[in-house]
Amino acid sequence: MAKMIICVVAYLILAPVIGGLLAGIDRKISARMQGRVGPSILQPFYDVLKLLEKEKITVNRVQDFYIFCFFLFVIVTGCMFFAGQSLLMVMFTLTLASVFLIVAAFSSNSPYAQVGAEREMLQMMAYEPMVLIACVGFYMYTGSFDVYDIMATPHMPVVYLCGIFVGFIFILTIKFRKAPFDLSMSHHAHQELVGGLKTEFSGSTLAMVEAAHWYENVFLLGMVFLFFSNGEISGIIVGLVVCLAAYFLEILIGNSFARMKWQVALNSSWLVALILGGCNLFALIFIG
Amino acid sequence: MSYITKSPWIIHYDGSSCNGCDIEVLACLTPMYDVERFGIINTGNPKHADVFLVTGSVNEQNKNVVKQIYEQMPEPKVVVAVGICANNGGIFKECYNIQGGVDTVIPVDCYVPGCAARPEAIIDGVVKGLGILAEKREKLRQEQLAAKSGAKAAPQAMPVLDDPAEAKEEEA
Amino acid sequence: MSTILFLIGFPLLVAIVLLVLKQDSARDILVKLAAAVIAVVSIVFVAMNVQEGERFFDIPAAGTIGTVMMVIEVCLALVIIVLGVQKKRYLAPILSIIQTPLMIWFELKEGHHIEVENAMYIDRLGMIMVLIVGIVGSLIAVFATGYMKDFQAHQKGKDRRPWFFFLIFLFLAAMFGLVMSNNLIWMYFFWEITSLVSFFMIGYNGLFHKEEEEDKIATRNAFRALVMNLGGGLGFAIGIVLLGTNFETLELSNMILLGQMGQPVFIVAMFLAFAGITKSAQMPFNSWLLGAMVAPTPVSALLHSSTMVKAGVFLILKLAPVLSGNLAGTMVYLVGGITFLMASFAAISQSNAKRVLAYSTVANLGLIVTCGGIGTPAAVWAGTLLLIFHAITKSLLFLCVGTAEHHIGSRDIEDMDGLFDRMPKLAACMLIGIAGMFLAPFGMLISKWATMVTFVDAGNPLLILIICFGSAATAFYWSKWMGKLAAIVANRENIEKTVHAAESFVHITLTALVVLVCICFPFISKTMIVPYLAGATAFGQSIDTLPLANSNMMVMVIMVAVLVLLFAFFFGRTKKRIVPIYMAGVNEGDNLTFEDAMFQPKPMALRNWYMESYFGEFKMNVIGVVTTSVVILGFIGMVVGALIGYGGM
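Residue numbers (the numbering used here), protein chains in the order written: chain A, 6 to 293; chain B, 104 to 275; chain C, 232 to 880.
One thing to keep in mind: the hints can contain errors.
[Stated by the list, open to error] Only pairs whose alpha carbons sit at most 30 Å apart, straight line, appear in this in silico DSSO-like list of lysine-lysine:
# : chain 1 : residue 1 : chain 2 : residue 2
1 : C       : Lys806    : B       : Lys251
2 : C       : Lys380    : C       : Lys318
3 : C       : Lys807    : B       : Lys242
4 : A       : Lys61     : B       : Lys196
5 : A       : Lys33     : B       : Lys109
[To be verified] Stretch-level coverage of chain A by chain C, calculated; a stretch enters the list once three of its residues show a Cβ under 8 Å from a Cβ in chain C:
#  : region
6  : 53-65
7  : 92-102
8  : 109-123
9  : 139-149
10 : 271-280
[To be verified] A short list of chain C residues far from chain B (calculated; beta carbon distances all over 12 Å):
#  : residue
11 : Val248
12 : Leu797
13 : Leu837
14 : Gly847
15 : Val861
None of these hints come from the bench; they were simulated from the model.
Note that the structure is predicted; figures quoted are calculated from it, not measured.
Glycine included, each C-beta is placed from N, C-alpha and C at the ideal position.
Please build the complete structure, drawing on both the sequences and the hints.
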């Protein structure tokens, strides 16, 4: 119980810091890859703080409330995860949060926001099978859906869940909103839909979306970590290294590819889930 | 401490430009000049932006657009007119189809001359604009604080008898 | 026991009275009164019996009742034959001619000597069904009083509403009889009545007309429903004959006991489950449910989403203990799983709101059927939760769509632009209903979560993949619709004033029920579902672990409460300055039109994705129908082959 409280508090306080720093490192490394100097790694914090200073405007009376719910439930997702709760419950809460984001974009009735929201729904549909298969994989290997139980199992899950692991890293591109699958919104010179999903968000609302992404990214890296935790120090070290490596891999992929069409995103994600995830499940049932 | 100068986001709009100034603006984003190191991001969306970068003059077709984009930007905001056409119409000033510079429709804070304006000049102009932005931010904050304390002063007017006297002193 | 007879007899009486009552106001009062009485009696009945759990009833004069039923069956068969020949649709009469003599021969010759101790019984699963029929069914009847007024105003034919309400209450009576029957022949009788009521309801628009095209569609769909349900009835009849001749009993409770003792009653269960599969519109029999959407919306809500189709899954859930781990169960869960996946995909490409709801119904019934086929106590727990939540939420959605249709003139989701401004209360109810179908922390998600856990425990990788991909598709088509409803479009006239009070009342009640049942579900699980599973009529032993831990359930309940409070206090309140949306700077100011290159105002329209090339209805149906047909034919073929091989035992 005490462990849960400490983890949740640590997550609440540290996740935005770590998430923001990761976002800053992302921009720095991307800049260096492009031969530029790039902003300081504290830049995301400056961005969010600036957004909080802006005039409070909005397009209707409900949009910002939906975003607040999105923000709240992303944090709840992360807290549940780090409090050791059931992986399925965590994933379903994340779906709830994502739907709040989508409904917020739809509520504005803005063309750019709506196309962005449709693409966001498509992204959700693309990655959800793999994510659920990953949860099931953990359950089949460790006998429990609960995060603390999975963390404590003696061998690294990745050995038995290698197919699922690779598949999860694949769909991580979608979740981190990196090219080639950054269909619904993107920051920088990548736009094709103006702001996409977040076109009509502004000021503190946009700051909440940004911060929510930080919380979510830390949670996602936590999922990656889960594949490597074996209850000992070696697992922790390897896990952290792999998390950073995975993040770097996503940055590399993001900078190497152009955005692809939604058909490619859906087809490839589902194919990966079916083949890598499905075969891994078969193997777990009939061999392991 | 205002963060707005550390993270100025730009919306760039092309009025009737020949695209020369636009190319120079985009050049600022390239590795050669790399304005992202100042935290500058080119958002395409007025609701996200702090700095309105306009190239090209205003004409009948785009004057409403310029006004709309300006109005949809949240305070504090600055307008930087890039290139001589945006400043006052440039060589097209006498043309029948050109209204004039950007300041004929919205208030401009910084004028960057040139045809095409050089990236160094554009960056210089934006930096000056940031200075003005910081001032505006400060003024906005003062107004907000005054509004809050003004709102607080009213209910407290009864018990504290000193306040009206102090207010009169300030006015004097 | 008198309560049981009251629950069956009272709606029947009301039905007959309504058949002759012509006056609107008198009918309204009678329907609302009767609905209230039925609801209250159902609740009291369950409250009084839930402690004890199982009760068997030896009905006096059961033999006479059985004979009366037989006579009525013959009359109904004659009606089907006459109507079928008249409309030149011969499949229904053929099925009737095979079925009814089979049952009569069996009842008079072979089965006559079989002793039936308790013709009716009630256990907690039956009580859950009684509550659903009594509360949701009554609410739908109340809704229909308002809805049918508008319906009649749009129609040109004569006012056949007495016939409509007669059918509704007859149906309620039949459903009560069905869920409380122990004698399978009696259940078969009520089952066939529901099929016939469905037939008349679907054909309400056209069966008795002659001319317009619309009537032909209604007639065609009505006969399709009848044929498929009669096919199921034939399976039911074969099952009864097999049970009687091989196991010397006609009682469902005995059959389950025999199964628990290791007798191969799964052979019988296979045919009974087949009947359940047709009744719940599982593939390859799903087209009747889709076709039934031409009926008036209360019919779609009552029969084709929350009650009649639930009879099919109710039977399968009841049979779950004898389906576990054998050929019958495998057939059932394969059919259910494939149906769930294909129907979820097909729903993505539908823009007609009722068809989306219909495919969603088929898909969710598929999940329940799969749970029944897996047949473990945990699976039945999940399936029962699905049943409860689906009945309430889906009926709410159908009724909302019905009201919307009458006021905006369309059933198409794409015409529900700006519904939040035009009909705010309705849009809010619909949004809660849709959220209740797939979002945490609401009930359907919880049930789906439990289902996922049981699928994983069943160890079939195909089922796991099916539910993972199906869930993704489900989230897509629901959030699409949610987004459409949530769009705030300014300057829209509020047209909600003309909604009948009856309709609004039912919407709000059902919405409140959705939230309430979500909050109370741990209590329902503890008092009704878990004891049911431990009862003699189910598994006979208490379930060790539930798919969802208590802490999980608590977290979900807290989340529901948090959401309710958040919305109550903060929804729609903001002090921010409102600015127009970004339309590349050419917004005309109303957020709806923009200025084009020639300075003319152009309206903007936003449409959803339907992905016809991926999830086209035809393709999905073909895949589903072919695979499930192969499964059913294969498995039944195997069993029939084995029976013949063993010389019919």
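Here's how the hints hold up against the structure:
no.	hint	in the structure
1	C/Lys806 <-> B/Lys251	15 Å, holds
2	C/Lys380 <-> C/Lys318	29 Å, holds
3	C/Lys807 <-> B/Lys242	20 Å, holds
4	A/Lys61 <-> B/Lys196	38 Å, violated
5	A/Lys33 <-> B/Lys109	16 Å, holds
6	53-65	holds (count 6)
7	92-102	holds (count 6)
8	109-123	holds (count 12)
9	139-149	holds (count 3)
10	271-280	holds (count 4)
11	Val248	63 Å, holds
12	Leu797	25 Å, holds
13	Leu837	18 Å, holds
14	Gly847	35 Å, holds
15	Val861	53 Å, holds
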